[in-house]
Amino acid sequence: MEHLELFFKSIFIDNMVFATFLGMCSYLAVSKKVTTAVGLGAAVIFVLAVTVPLNWLLDQYLLQPGALKWLGAEYADYDLSFLSFIMFIATIATMVQLVEIIVEKFSPSLYNSLGIFLPLIAVNCAILGGSLFMQSREIPTLGLSLTYGIGSGIGWFLAILTIAAIREKIRYSKVPDALRGLGITFIITGLMAIGFMSFGGMLTGGDEAPKKENPTVETVKEVNNEVNANEVKKAHVEQSKSTEIAGNTKEIKE
Amino acid sequence: MGLLSKKDVALITDPLADNNPITIQVLGICSALAITAELKASIVMAVSVLFVLGLGNVVISLMRNIIPSKIRIIVQLIVVAALVIIVDLVLKAFAYELSKTLSVFVGLIITNCNIMGRFEAFALANGPWKSFLDGIGNSLGYGVILIIVGFFRELLGSGTLLGFSVLGDPIEKTGLYSIGYENNGFMLLSPMALIIVGIIIWVQRSRNKTLIED
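Protein sequence lines, in the order shown, are assigned to chains A and B.
For the first sequence, the working numbering begins at 46 and goes up steadily by one.
For the second sequence, the working numbering begins at 1088 and goes up steadily by one.
Worth double-checking, as some hints may not be accurate.
Unchecked claim - Taking lysine-lysine pairs in the BS3-like style, the calculated list, with each CA pair at most 25 Å apart, reads:
| # | chain 1 | residue 1 | chain 2 | residue 2 |
| --- | --- | --- | --- | --- |
| 1 | B | K1296 | A | K77 |
| 2 | A | K77 | A | K214 |
| 3 | B | K1296 | A | K219 |
| 4 | A | K150 | A | K54 |
| 5 | B | K1093 | B | K1217 |
| 6 | A | K219 | A | K54 |
| 7 | A | K54 | B | K1217 |
| 8 | B | K1217 | B | K1094 |
| 9 | A | K214 | A | K78 |
| 10 | A | K150 | B | K1296 |
| 11 | A | K214 | A | K54 |
| 12 | B | K1094 | B | K1296 |
In short, the hints are calculated from the structure, not lab data.
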């Protein structure tokens, strides 16, 4: 089922933090305590779930090349895609303002604990990135864009939850002085990103391939295998390119 | 350098090391990590941010007395978005292949926390010339980290720099490859950028003990 596949793909394989490093600034800044991380993660899921479908509608009926034909046949040639950035960021800023008002009304404690980070969601690259990836990957329907938004949000939420939990624990570990705080967080995030790469094989199996959701033990072997496969693949690609170029230069010389 | 006073020069040199936007202020990380697999992409991204931050700082600084406080984030976003659209169109026109590599990350310069952070922290409170220098300084600091990461990733990952093979030819087995050296393909994958930045932070904080957190 397309929706289920896109859902799991956007949580694990195209994880916003571990695959494309979107939303890193607030991810690093808010992950010192699990409770604030959970609050911010939930806000991000909600904002993504609202803005990605909204921007999909904008893209479909206003911005894409040829999108304006519902206004009249003479508008079919218009291509307003250069306005995407401004329109997407405008809808995101508006929606974040709305979320802020709702959160302030229904949960003042959450509003206070999030502080400055709630309005900062508007400039969180994860939100704009969600809309831009939706546009560049040409997600075909509104339902799929909603699935993509929610899935991406959950992926980001998962990432910030795990790093917050880990950071709370390593406060009691003997980390080298110069690495304490920011440095070790970078390295841990890098290691987690390597771990998440193991999910890459999740959706490439046949109909009988089981969906792996917690392959923590097998990850090491799989990562090694996948890395070797990637290296071999890249070496092959480089080799074939180099031989092609070598062949071409030989031809030119002759 | 008679044009610039000591404080002005400090505005440019501080962000290069002691107040570096990426390693100290923790701003602008997203785009710094994802596109640094090639040195060329890193340089182009650094130049784009230089343009956007430098000009953006000046524009916001000129408007600082007429922007109402309640909508200042929206005004900042519009200024940045307009500048980024210009950068995006220029890249698409003059360097199409590179714009494909950078793909959505050019658009994500809009949400680059470094740019918004400098608007809020500096341009809204200072004059245009100082804001321009601050913008140049911070984007140079950002660019330095990008170039270091891109340098190591491209060199160790594919043995090339800016596309030129510097370690020898992997097929003909010349240069370093003749003694059995292999490219570290892992460096081309994104998580290594995080680990390289972690190591840069380690080196920087070991040399300057005042930056260590507790």
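Outcome of the hint check:
1. Between K1296(B) and K77(A) the alpha-carbon distance is near 22 Å, which keeps this suggested pair within the 25 Å criterion.
2. Proximity of K77(A) to K214(A) is assessed by CA-CA distance (about 10 Å); at most 25 Å being required, the pair is judged to hold.
3. With a C-alpha separation of about 17 Å, the suggested pair K1296(B) and K219(A) falls inside the 25 Å cut-off, and the hint holds.
4. Taken as a hint, the K150(A) and K54(A) pair is broken in the structure, with Cα atoms around 34 Å apart against an allowance of 25 Å.
5. A threshold of 25 Å between alpha carbons decides the hint, and for K1093(B) with K1217(B) the separation of about 12 Å falls inside it, so the pair holds.
6. For the hint pairing K219(A) with K54(A), the CA-to-CA distance comes to about 36 Å; that exceeds 25 Å, so the pair is violated.
7. Taking the CA atoms of K54(A) and K1217(B), the gap is near 47 Å; set against the 25 Å cutoff, the hint is violated.
8. The hinted pair formed by K1217(B) and K1094(B) meets the criterion: a straight-line CA distance of about 9 Å does not exceed 25 Å.
9. For the hint pairing K214(A) with K78(A), the CA-to-CA distance comes to about 10 Å; that is within 25 Å, so the pair holds.
10. At roughly 45 Å between alpha-carbon atoms, K150(A) and K1296(B) are farther apart than 25 Å, so this suggested pair is violated.
11. Taking the CA atoms of K214(A) and K54(A), the gap is about 29 Å. The hint is violated against a cut of 25 Å.
12. A distance of roughly 24 Å separates the Cα atoms of K1094(B) and K1296(B); the hinted pair therefore holds under the 25 Å criterion.
Hints 4, 6, 7, 10 and 11, counting from the list given before, are not met by this structure.
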